[in-house]
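J.: Kindly produce the complete structure, drawing on both the sequences and the hints.
Each chain, written out:
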Amino acid sequence: MSGRNVHAVALAEPTAAERGEVYALIGAGEVPHCPPPGSEKGIPVLVVALLLSADPQQDEPVEDAFGGALQNLACAVAF
Amino acid sequence: MPTTPAPGTVAPAVHLLAGALRRALLEEGGGFRLARVLPGREDSCAGLAAVRVLGADALAPFVVKGLALPAQDAALIRAAVRAHPAPQEPERQVLLWGIRDAALVRGLAVSGVDATGWEGLAPAGSTAHLLRLPWVAMAAELVRVAGAAPPFAEEAVHAQLARSHLDISRGLVRALLRRDLPSAACLTRWLAPAGEQLTTPALDYLEIAGADDPRVSLDTAIARRLTTGTSP
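Going line by line, the protein sequences match chains P and G.
What the first sequence shows, in the numbering used here, is residues 1375 to 1453, in sequence order.
What the second sequence shows, in the numbering used here, is residues 182 to 413, in sequence order.
Note that these hints are calculated values from the structure, not bench results.
Where is the CB? At the ideal position from N, CA and C, for every residue including glycine.
Treat each hint with caution, since some may be false.
With beta-carbon atoms standing in for the labels, derived distance ranges [as the list claims (entries may be wrong)]:
1) P:Ala1398 x G:Ala305: 20 to 28 Å
2) P:Pro1406 x G:Ala305: 16 to 24 Å
3) G:His196 x P:Gly1394: 13 to 21 Å
4) P:Glu1387 x G:Ile389: 28 to 36 Å
T.: Take a look at the structure:
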């Protein structure tokens, strides 16, 4: 192969975590779980933020509010 | 003193670089420089990591548009390869890195850079055996080695790629039905050189639906250039 030779620039020593991130990104293949049709990825987060700020049911954990609907949302996002 | 990013900073740097590469593909002229885009100085760890993750795609504006690769950018790529050497094991990773690095070496050669003896490169691998897999498995593997897709594909597999069009097209349709936009964008790269009829509507869709993902946008921009010879 003909071509000009190149010398590397200043050495940089990545951390183990950074090397791990590079290996993970390079090894990534198909997306295992895709968003359902018509979904808006940010909506569940927005809903949680609104509920937390509104504090609708002061006496119960936010995930139990509205008959557990919020918990269902969280599960839907996770799975 | 090299900058050391906190864990989790590589992906944003990859997105930053992918976005800049896409813009360089779309713009007329040849003023693009990797060294100007990378976060921080040229010894920035995150920047070098981003170059290593994108592999041959970091050369896309130069190779697709026929631009000269500046010596400083070639040196950056060499530093990235040395900072993130190919793994010695497991075998599957060695093969993956070998295919990617072979594509990088081909891209560098097109740009007039001899990468012989560069520290950190994996032994050259080939995609030929992937194109003999059943179509679902083949599409999944082609997504993983998208950095070796056209315009960096090895000449030896061009005929094999043409024979695999139907299977790759099936993979593209499957990815679109799964709403796996990154995979779909990768597969358009493998189909693009033949100007397959399916590729153009898929690219139209991906350019809109994947507009917020710089890596999807980069893959679609490359595929569009290869399909039509023009920018979207």
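J.: Okay, which hints does this one fail, numbers in order?
T.: Result: hints 2 and 4 break, sorted rising.
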